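Chemist: Sequence:
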Amino acid sequence: MFIRSSYLKIVNFSGSRAYSVLEVLIAIWLLTFIGGSLVATFAYLAKSASVSADRAAAELLADELLERAVASGPPSWGLADLSGTRGIVLESGGETKFDWTLTPHELGNSGLGRFYQLSLEIDWAAHQDSVERGSRRLHRIRNVYLERL
Numbered sequence: 272m273f274i275r276s277s278y279l280k281i282v283n284f285s286g287s288r289a290y291s292v293l294e295v296l297i298a299i300w301l302l303t304f305i306g307g308s309l310v311a312t313f314a315y316l317a318k319s320a321s322v323s324a325d326r327a328a329a330e331l332l333a334d335e336l337l338e339r340a341v342a343s344g345p346p347s348w349g350l351a352d353l354s355g356t357r358g359i360v361l362e363s364g365g366e367t368k369f370d371w372t373l374t375p376h377e378l379g380n381s382g383l384g385r386f387y388q389l390s391l392e393i394d395w396a397a398h399q400d401s402v403e404r405g406s407r408r409l410h411r412i413r414n415v416y417l418e419r420l
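Position one of the sequence shown corresponds to residue 272 (our numbering), numbered consecutively onward.
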């Protein structure tokens, strides 16, 4: 089988040029910068999710302790001690230690009952300090009226 030269098309390369070294370096730098930005953004979001999980665990612990205190009442408020530490293993696999302190304040005492304010503070430090991760402290207040029967 013979191929005639009339069937072959001659491509004209006179209008195109090769990329210069500077253009290639700028393109590589731009791709590296975009890739690094994406990696940093996803790393920040992953860390933020972990901090949010710690905060949610502290909120649940606060609700549990305050409900137990309200249900039991004075003098022990349903707790062996008015302060303590609890370690909670989160879904991510890491354990966070929560230090809590319950402080009851008697606000009023009448013939019908007593009025208390329960103040609960929870502190935790699972991650290194950083401005964008907040104070790692939770403060909840609950008012309780105990009626005399």
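These aren't lab readings, by the way, just hints derived from the structure by calculation. These numbers come from a predicted model, not from an experiment. It is possible that part of the hints are untrue.
[What the hints assert, rightly or not] Here are the computed distance ranges between Cβ atoms for each label pair:
{"#": "1", "residue 1": "Tyr315", "residue 2": "Leu420", "range": "52 to 58 angstroms"}
{"#": "2", "residue 1": "Asp334", "residue 2": "Ser381", "range": "47 to 53 angstroms"}
{"#": "3", "residue 1": "Gly349", "residue 2": "Leu383", "range": "19 to 25 angstroms"}
{"#": "4", "residue 1": "Lys368", "residue 2": "Ser319", "range": "35 to 41 angstroms"}
{"#": "5", "residue 1": "Gly364", "residue 2": "Tyr315", "range": "29 to 35 angstroms"}
{"#": "6", "residue 1": "Leu309", "residue 2": "Asp370", "range": "34 to 40 angstroms"}
{"#": "7", "residue 1": "His410", "residue 2": "Lys318", "range": "19 to 25 angstroms"}
{"#": "8", "residue 1": "Lys368", "residue 2": "Tyr315", "range": "22 to 28 angstroms"}
Beta carbons are placed, not taken as given, at the ideal position from N, Cα and C, and that holds for glycine.
Chemist: Now, for every hint given, state plainly whether the structure supports it.
Modeler: Structure-based check of all given hints:
1. Tyr315 - Leu420: 52 to 58 angstroms: The hint (52 to 58 angstroms, Cβ to Cβ) holds, given that Tyr315 and Leu420 are roughly 55 angstroms apart.
2. Asp334 - Ser381: 47 to 53 angstroms: violated, 29 angstroms
3. Gly349 - Leu383: 19 to 25 angstroms: Holds, since Gly349 and Leu383 (Cβ atoms, about 23 angstroms apart) stay within the stated range.
4. Lys368 - Ser319: 35 to 41 angstroms: At 20 angstroms between Cβs, range violated.
5. Gly364 - Tyr315: 29 to 35 angstroms: violated, 20 angstroms
6. Leu309 - Asp370: 34 to 40 angstroms: holds, 37 angstroms
7. His410 - Lys318: 19 to 25 angstroms: Since the Cβ atoms of His410 and Lys318 sit about 24 angstroms apart, the hinted range of 19 to 25 angstroms holds.
8. Lys368 - Tyr315: 22 to 28 angstroms: holds, 24 angstroms
Hints 2, 4, 5 from the earlier list are contradicted by this structure; the remaining hints agree with it.
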